[in-house]
Each structure stands twice: as structure tokens, then as C-alpha cells.
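Chemist: Following the hints, position chain B against chain A.
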Amino acid sequence: MSLWKDFTTGIIKENPVIVLMIGLCPALAVSSSANDAFGMSIAVIAVLLASNVIVSLIRHHVPDSIRIPIFIVIISTFVTAVDYIIHAFDMELYASLGVFIPLIVVNCIILGRAEAFAYKNNVLSSALDGLGMAFGFMLTMVILGGIREIIGNGTFTILNYQFINLGQGYNPALVFIMPPGAFLTIAFMMAAHRKWLKK
Amino acid sequence: MVSNELTWYMILMSSILINNIVLIRFLALCSFFGVSNEIETSIGMGMAVIFVMTLASASTWILWYALLLPLHLEYLRTAVFILVIAGLVQFVEMYMKKALKSLYNAMGIYLPLITTNCAVLAIALLNIDYGLGFVNSIIYTVGVALGYTLAIILFAGIKERLALSTAIPTPFRGHPIAFITASLMSLAFLGFSHLFGL
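Chains as they are written, first to last, in my numbering: chain A, 30 to 228; chain B, 212 to 409.
Extracted from the complex, chain A is given alone in its bound form (with noise of 0.2 Å):
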């Protein structure tokens, strides 16, 4: 049961994005489709995952007072990992993304969690708050993608799979996929979780 709420508490009740306002740059900058926001979604969930991971495994040999920079060099390493990755698989994706992909190492929820969870917890826990975490924002960044590329673009489209596609008829809104609509959806999407989620 703790088990199930350690993986569960980050995606509606915490959510990174909508209720903590970390990893907010992100998650901003590279939704205007939701094909990339899924992309960056991959990535993050990739380096919180493994990070958590190692950080609780190595929790009982770090002295105290230098663990920031021990996280640091070990999120940083998974960083450049996911940025060869991505840059060797897809380059269509990796230009898209940008910066944004060696930043996610100054994202402040992988940070967050290595020291306010997993460097207290034992691994499978750690593990699963990281996913719990990581989709959490994925929820977050595909549903903010999504509005942005629907109303945008009359498009919602991830790894080439066509699910909506509102057609010629279909005027879109441009607005919604430059930088004011990014600012504009999560504005609606906070508001929507206060009144309807929040417990």
C-alpha cells in the first residue's frame, strides 16, 4: 500500500508541474507539440529513474556535507547519456529540444527528489517515486502538448500516429503553439486542478 502511494502521490496529488512549480521551464519551452513534449517526457522519466536509483543505492557511503555536488556529477552523467541518445536515434527530436536537453540536469525535480527522497529511502521505493514523479509530468507535459497542438494546429500526433486531425475546415488559433499559449494553458490547466482536484 505505502508501496502504491510512494509511486501515486506525484502524479495528481504533487504534481511536479501543476502544484510544486518545478521543472516549469521545460515544460513551457518545448510543448507546443506533443510529440516533443512526449520526447522530453521520455527523457526525464529516463534520468529521474536512474539517478533515484543510484543516489538511494550509494545513500549509506556519501558524507553529508558535499552530497549536492555528488548528485549533481551523477545526474549530470545520465544527462549527457540521454543527449548522445537522443542525438544518435533522433535527430529530428534532438533539434527540437534544443538546450533543453543538457538542462534537464538543473531541473529542479530530479534534484528535488534524489535529495528530499531517495537519498532517506530504500531503492524500490526510491524507484518508484521517480516514476511516479516523471509521469506525473508526463501526464502534465502530454495534456499540455496536446491542448496547445489541438487548438494550434487542429493536430494531436505522437511518434508519428495521427489520433486527431480536425481538417481543412478547422481554422487554427496560432497563438497557441508560440510562447503565449504555453503561459495561457497551464494558467487554465492550475486553475482546472484547484477546483476540481484538490482535496
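No wet-lab data here; the hints were simulated from the structure. Any given hint could be a false lead.
[What the hints assert, rightly or not] Just the calculated beta-carbon pair ranges, DEER-fashion:
| no. | chain 1 | residue 1 | chain 2 | residue 2 | range |
| --- | --- | --- | --- | --- | --- |
| 1 | B | F407 | A | L153 | 26 to 34 Å |
| 2 | B | L406 | A | A124 | 24 to 32 Å |
| 3 | B | G402 | A | A124 | 34 to 42 Å |
| 4 | B | G402 | A | G141 | 34 to 42 Å |
| 5 | A | L153 | B | M305 | 35 to 43 Å |
| 6 | B | N316 | A | S31 | 44 to 52 Å |
| 7 | A | Y190 | B | L311 | 53 to 61 Å |
| 8 | A | A221 | B | Y286 | 53 to 61 Å |
| 9 | B | L373 | A | A124 | 33 to 41 Å |
| 10 | B | A277 | A | V102 | 18 to 26 Å |
| 11 | A | H116 | B | S404 | 24 to 32 Å |
| 12 | A | A221 | B | G298 | 17 to 25 Å |
| 13 | B | G298 | A | M120 | 46 to 54 Å |
In this text, all values refer to a predicted model and were calculated from it rather than measured experimentally. From the three backbone atoms N, C-alpha and C, an ideal C-beta is built for every residue, glycine too.
Modeler: Below, chain B without anything else, positioned relative to chain A:
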């Protein structure tokens, strides 16, 4: 995008107005929303960002072209840059506390916040990605930091007024209305795009 062919004036205009770091490029959002409740604190934050960002850009630029590139250690870029920036901020804070007491009182409390400010690392990386020369990368960094300061001061001014308003529906109080404000500011800054053909 910025490149070496542009004049210093164009680089400044591009980084302050056209590609404003916060409102158009979505960097440094945490501090933009977090430290913008009063105009006074946002000025302090802006000054600290200008100072740290310039220092960080200069040192990472030198490190990249003098050390990492000749030794073919390109893959260490992210790790080295973030550690250098974090260390640098610590040193600056300690030095200011000791030697520049008045400056420390003005912006000391904002310095630790800047380590986690993603814009500092982003600009260090972008200087390298755009292939800017040393002088151009300093101009670009100063422009970006000025753009940040401009945006956060304007935003703080609006938020001071918003705090007094009672007409906002309950679910929108606080952060959501701040995001809608940012959206409208971003729309205004979008008006600068294609200025000078950039």
C-alpha cells in the same frame, strides 16, 4: 538566432527584446514567478543575475576553448559547466561577504538562488552552440540578463497591482493569474519579432 555576423547593437536588441529569455524562450521561470512580488526585490535579483551570468559566461567560454576542446573532452561539457557555475557562485558569495559588504547586503540573498537558475547554464551552453567569439558572447550574455531584468521588473509592477485586486475568481488567485499576466506580456513581446529582420 544570434551569430558572429551581427553587430553588437543587433545582438543586444535580439537578446533583450526579440528573443526575451523569460517571455519568449521560457528560461529562468522559477525565479521569475518566485521572486517577483515586489519591485525592489526584483531589481536586486536582476542585478545579481546580470553579475553572475556575465561571470559564468566568461569563465565557461574560456574553459571550453582553452581546456575541453583541445583535450577532446566535449562530452564533459554539461557536468563541468554546472559544477563550475555552482562553485563560482559560492566563491563570489564568500568574497562579497568579506570584501564588498554593501553590495552583499543589496544582492547577497539572491546569489544562492541563481545556481539553480537554468538561464545561467543555458546561456553558457548557447554561447558555445552559436559559436560566438569571446566579446560577442559577453555582449549576448549582458543582453540576455538585461532582458531578464526588464521582464521581471515589469512583471513585479503588475503583480503589485494584482495583489490588491478582489475581482479575481478564487481558483485563479495567486499563480494562475500570474501565468495569464505573463501570457499577455509574452504576447506584447511577440510584437518585437522580425524587428530589424531578426
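Chemist: The structure should be examined with respect to each hint, and the outcome stated for every one.
Modeler: How the hints compare with the structure:
{"no.": "1", "hint": "F407(B) to L153(A): 26 to 34 Å", "verdict": "violated (57 Å)"}
{"no.": "2", "hint": "L406(B) to A124(A): 24 to 32 Å", "verdict": "holds (25 Å)"}
{"no.": "3", "hint": "G402(B) to A124(A): 34 to 42 Å", "verdict": "violated (27 Å)"}
{"no.": "4", "hint": "G402(B) to G141(A): 34 to 42 Å", "verdict": "holds (36 Å)"}
{"no.": "5", "hint": "L153(A) to M305(B): 35 to 43 Å", "verdict": "holds (40 Å)"}
{"no.": "6", "hint": "N316(B) to S31(A): 44 to 52 Å", "verdict": "holds (47 Å)"}
{"no.": "7", "hint": "Y190(A) to L311(B): 53 to 61 Å", "verdict": "holds (58 Å)"}
{"no.": "8", "hint": "A221(A) to Y286(B): 53 to 61 Å", "verdict": "violated (42 Å)"}
{"no.": "9", "hint": "L373(B) to A124(A): 33 to 41 Å", "verdict": "holds (38 Å)"}
{"no.": "10", "hint": "A277(B) to V102(A): 18 to 26 Å", "verdict": "holds (22 Å)"}
{"no.": "11", "hint": "H116(A) to S404(B): 24 to 32 Å", "verdict": "holds (29 Å)"}
{"no.": "12", "hint": "A221(A) to G298(B): 17 to 25 Å", "verdict": "violated (42 Å)"}
{"no.": "13", "hint": "G298(B) to M120(A): 46 to 54 Å", "verdict": "violated (34 Å)"}
Violation of the numbered hints given earlier is confined to hints 1, 3, 8, 12 and 13; the remaining hints are satisfied by the structure.
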